[in-house]
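A.B. asks: Listed below are the residues making up each chain.
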Amino acid sequence: MSLKHIDLLICCGSGCISAGALKIKERFHEVLREHKATNEVNIIETGCMGPCDYGPVMVIYPEGIFYQHVTPEDVEEIVSEHFIKGRPVTRLMLQNEEKTFSIQKDVPFYQKQIKVALENCGYINPESLDEYIATGGYEALGKVLTEMSPQDVINEMKASGLRGRGGGGFPTYIKWQMVHDNKGAEKYIICNADEGDPGAFMDRSILEGDPHRILEGMMIGAYAMGANMGFFYIRAEYPLAIKRIKMAIAQAKEMGLMGENIFDSGFCFDAEVRTGAGAFVCGEETALIHSIEGERGNPTPKPPYPAVQGLWGMPTVVNNVETFGNIPTIFRKGAKWFASMGTEKSPGTKVFALTGDVRNTGLVEVPMGTTLRELIFDVGGGMIGDHKFKAVQLGGPSGGCLTVEHLDTGVDYESLKERGSMMGSGGVIVMNEEKCMVNVAKFFMDFCVEESCGKCSPCRIGLKQMLAILERITSGFGREGDIEELQRLGESISKLSLCGLGQTAPNPVLSTIRYFRDEYEAHIRDRSCATKVCKDLMHYQIDKDRCIGCSLCARNCPVKCITGSREEKYIIHQVDCIKCGNCYDVCPVKAIEKEPGMHPDTVAHRSELGKAVNRYEDL
Amino acid sequence: MASVAQDQSRVYDTLAEAIEERKDLRNPLIEVLRIAQELFGYLPIEVQEFIAEKMNIPASKIYGVVTFYNFFTMKPRGKFTLNVCMGTACFVKGAPKLVQMISDYLGVGIGETTEDGLFTMSAVRCVGACSLAPVFVIGEDAFGRIDTKDKVKEILDRYE
Numbered sequence: 014m015s016l017k018h019i020d021l022l023i024c025c026g027s028g029c030i031s032a033g034a035l036k037i038k039e040r041f042h043e044v045l046r047e048h049k050a051t052n053e054v055n056i057i058e059t060g061c062m063g064p065c066d067y068g069p070v071m072v073i074y075p076e077g078i079f080y081q082h083v084t085p086e087d088v089e090e091i092v093s094e095h096f097i098k099g100r101p102v103t104r105l106m107l108q109n110e111e112k113t114f115s116i117q118k119d120v121p122f123y124q125k126q127i128k129v130a131l132e133n134c135g136y137i138n139p140e141s142l143d144e145y146i147a148t149g150g151y152e153a154l155g156k157v158l159t160e161m162s163p164q165d166v167i168n169e170m171k172a173s174g175l176r177g178r179g180g181g182g183f184p185t186y187i188k189w190q191m192v193h194d195n196k197g198a199e200k201y202i203i204c205n206a207d208e209g210d211p212g213a214f215m216d217r218s219i220l221e222g223d224p225h226r227i228l229e230g231m232m233i234g235a236y237a238m239g240a241n242m243g244f245f246y247i248r249a250e251y252p253l254a255i256k257r258i259k260m261a262i263a264q265a266k267e268m269g270l271m272g273e274n275i276f277d278s279g280f281c282f283d284a285e286v287r288t289g290a291g292a293f294v295c296g297e298e299t300a301l302i303h304s305i306e307g308e309r310g311n312p313t314p315k316p317p318y319p320a321v322q323g324l325w326g327m328p329t330v331v332n333n334v335e336t337f338g339n340i341p342t343i344f345r346k347g348a349k350w351f352a353s354m355g356t357e358k359s360p361g362t363k364v365f366a367l368t369g370d371v372r373n374t375g376l377v378e379v380p381m382g383t384t385l386r387e388l389i390f391d392v393g394g395g396m397i398g399d400h401k402f403k404a405v406q407l408g409g410p411s412g413g414c415l416t417v418e419h420l421d422t423g424v425d426y427e428s429l430k431e432r433g434s435m436m437g438s439g440g441v442i443v444m445n446e447e448k449c450m451v452n453v454a455k456f457f458m459d460f461c462v463e464e465s466c467g468k469c470s471p472c473r474i475g476l477k478q479m480l481a482i483l484e485r486i487t488s489g490f491g492r493e494g495d496i497e498e499l500q501r502l503g504e505s506i507s508k509l510s511l512c513g514l515g516q517t518a519p520n521p522v523l524s525t526i527r528y529f530r531d532e533y534e535a536h537i538r539d540r541s542c543a544t545k546v547c548k549d550l551m552h553y554q555i556d557k558d559r560c561i562g563c564s565l566c567a568r569n570c571p572v573k574c575i576t577g578s579r580e581e582k583y584i585i586h587q588v589d590c591i592k593c594g595n596c597y598d599v600c601p602v603k604a605i606e607k608e609p610g611m612h613p614d615t616v617a618h619r620s621e622l623g624k625a626v627n628r629y630e631d632l
Numbered sequence: 017m018a019s020v021a022q023d024q025s026r027v028y029d030t031l032a033e034a035i036e037e038r039k040d041l042r043n044p045l046i047e048v049l050r051i052a053q054e055l056f057g058y059l060p061i062e063v064q065e066f067i068a069e070k071m072n073i074p075a076s077k078i079y080g081v082v083t084f085y086n087f088f089t090m091k092p093r094g095k096f097t098l099n100v101c102m103g104t105a106c107f108v109k110g111a112p113k114l115v116q117m118i119s120d121y122l123g124v125g126i127g128e129t130t131e132d133g134l135f136t137m138s139a140v141r142c143v144g145a146c147s148l149a150p151v152f153v154i155g156e157d158a159f160g161r162i163d164t165k166d167k168v169k170e171i172l173d174r175y176e
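Residue numbers (the numbering used here), protein chains in the order written: chain A, 14 to 632; chain B, 17 to 176.
Hints should not be assumed to be uniformly reliable.
[Unchecked claim] Cβ-Cβ distance ranges computed for the label pairs, FRET-style:
1. Glu463/A <-> Lys77/B: 22 to 30 Å
2. Arg174/B <-> Lys118/A: 36 to 44 Å
3. Glu69/B <-> Glu493/A: 53 to 61 Å
4. Glu69/B <-> Arg46/A: 53 to 61 Å
Hints were generated in silico from the structure; no laboratory data involved.
A quick note: this is a predicted structure, and the numbers were derived from the prediction, not measured.
Each residue gets a CB set at the ideal place from its N, CA and C atoms; glycine is no exception.
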C-alpha cells in the first residue's frame, strides 16, 4: 500500500453539520477501518471554513485539495481513489464553466480574503489546545506578560488602530486606557458574544472555530487594564460556542495559561461564562452588564461609562468577540503589520457573514475598504440565477440598505455611515429584484418593536407608531404624508432614545426611503407592490387562454372564491381572495399569474365599506 | 398521583442543589432560571417563588427577569420546541412561508403547543445559520433550506 500520512480536515461549522458533516466523518472512520488505514489518515474536525453554501466541505493535506458537497456515498471513493491510489476525485472539486479548482487557496471564494481573526478557523481542531499552540497560539500572551508593561500594550493597540468590531467602531485602546487609568478594587473585562443581529454569525463561528484565540485576546486586554476576572456573555442560542469556550478555559487552566501567576509574571486571571436569555438589547453594553448582574437587561444612560462604573460598579471593558480575535495576531505580527491593511481610518480586516440571494453564502474576512462589488460579486460569486442585484443590507436592524450606485463604496466605518448604513457587527444581506424594500423595512421595524426593552418612550412608543404606518402602507391604506411622517418620527427617535437600539432602529426605514422612495410612493399612491410581495397590493389572475378548466384551483381554494366550469374556464372573485397562493401552486398549466397592484374590484369594495375595513383610520 | 408528587419533589431537590452549588457565584439568577426551566420545562409562579425563597431574592424581581427574556416561558411547552428562525436572511429567503407550512402541518400557530404535547412552535431571532436559510431548529438540530411541504413533513415525522 502506498499510503502516506494524510490530514483530513472536515468542516464542522454549524452550516456543514446541518448539511451532514458528522455523518460523513463517521463514514470515514468506518471506511478507513475497512481498508485498515486508520493510522495513516488523521481526521480533524475543524470550525467553519467559510463557504457554507458548498457544504459539507473538506480539505485534504498535504496538497490542500478542496472537496465540496460531499455525501456519505462519496467517502468510499475518496478513500480508495484519493487516499490509497493517490488520484484525487475530480468530480467533487469545485468547477465552473472554464475551470476545476482543486486546491483550496485557488477557489475564487478565498481569493480576495485575508484571514486574521479567522486565521485558524477551519484549519485547526478547536477542541485541541495543542493545535492552537502549534499555530503560534499563546505566543502573544507570553510576549506581553514577560516583555511588556500594561502601558506598552495599550500603546501598541493605539499604533494598530484597531476599532471595536461590534459595530460602533470605537477605538479599542481608548477603552483600555480609561480602565487602566481608573482606580477600582476590582476591574472586569467582558467578551460580548450576544450576537443578536439577525443575519450575522461571525462571532458564533469564531467562538466555535477558534475559542483559545478569543481567550488569549481577552487575557492580553485584562493585563493591559489590570483586570483579573473576565466574563463571556454568550447567547443561549449558541450551545456549541458555550461548550467550546468552557472547554478552552478548562484546558488553559490545566496548562497553567490561566490562573495564578501566569508565566511567572505575577498576573492572575480567571474567566467565567454567562449565558444570555434571548434579549437583543443585551448586546448594548450597559444592558449586558445588568444581565450579568442577574437583572432585567435594561440599558442605563451613559455617562457613567462602563469604563468608570461598570459591572458591580467597577471599571469594566466590554469588547466584541472579533475584536479579541484580532489581538493575538496584532501582538505576534506587530501593530505596523496590522495597520498596513485596510484603510487609514479603519485598519485591519473585517469578518462578514454573507447571506441572502448571493451564490456563495458564508463567512468571509476581507481588508477594510474592500468594495461592496468585490465582496458580493468576487467573493460572493454574484447573484443566484438570472436575478439582478437590487440592494444590500448591512448592519442588521440598526443599519441601512444600499443600492447599485453604492457598489463601489469601500466597506469601512465612515463611508458606510455617510451613506446612511453602518458596519454593524458584519451581517451582509444581499437582495435581488424580487424583494420589496418597504416590506424589508417593516420587517426590521417589527424586530425592533419586539426587542425594545420599553424603558424609554421614544423607542417604546415611537417605533410602534412607525410600524403602524408601515403596516397601513403595505396593506393598502397608506396616505399622502406618510413618508414625511416616517422621516419626522425616525429622526426624533434617533435623537431622543436612551441607547443604541432606539437610536439606530429607524435607520432601515430612513435609508430605504432615501434610496427607494418611488417604491413607497407606489405603495401609497398606486396601491401597488411591484415585487408582488405585499399581499394586499397584488392579486392573482387566471389567464383564460391557458386555463384548461381542470378545477384543481377551485377545489384547493380555502375560501371558495374560484368558480367556473370546463367550458367557461375559471375566474377568481377578487374581493374574497385571501391571496394564499394555493391556486398558483397547484395549477398544472401555470395559467395563474401574480399581478402587481390591488385589483380594481377590491379597491371599489374597500371604498364602499369605508371605515369598516380600514383599521388604520383612527391612527 | 403519588408518584407525580414524588417526581415533583425530586425535581425541586435537584433545583435546590443547583442553587446551593452556585451560592458562591455573584448573582447567578439567570443561570438558575435556565436550569429550572430545563428541569420543569417552564417557569410557573410556584417555581419562581421557590427560587425566590432559596436565593433570598424578592419574587417580584424574579418575575421581572422571567418576563424580560424571550428564552423564559411561564407556559408549559411540548416535548420538542420547534424554533423557526425569523432572522433577516431567513426572512428574505422565505421564512414566513416556512412558518405557514409548519403551521399547516402541525395545526398550531407560533407560541402554541400541539394537542399531543409533542411540539411547541415558536419563532426566534436568528439562530446564526443564515447560509442555510430558511432554517428551523429542534433542540440542537438545525434544518436548513426547507422550501417544500414534503421536506417539513419528512423532518417532523422523525420526532416522536
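A.B. asks: Next, verify each hint and record whether it holds.
C.D. replies: These are the hints, each one checked on the structure:
A beta carbon spacing of about 23 Å between Glu463/A and Lys77/B agrees with the range 22 to 30 Å that was offered as a hint. With their beta carbons about 39 Å apart, Arg174/B and Lys118/A fall inside the hinted range of 36 to 44 Å. One distance hint, 53 to 61 Å for the beta-carbon pair Glu69/B and Glu493/A, holds here, with the actual separation near 59 Å. Remark: the range hint 53 to 61 Å for Glu69/B to Arg46/A is upheld by a beta-carbon distance near 56 Å.
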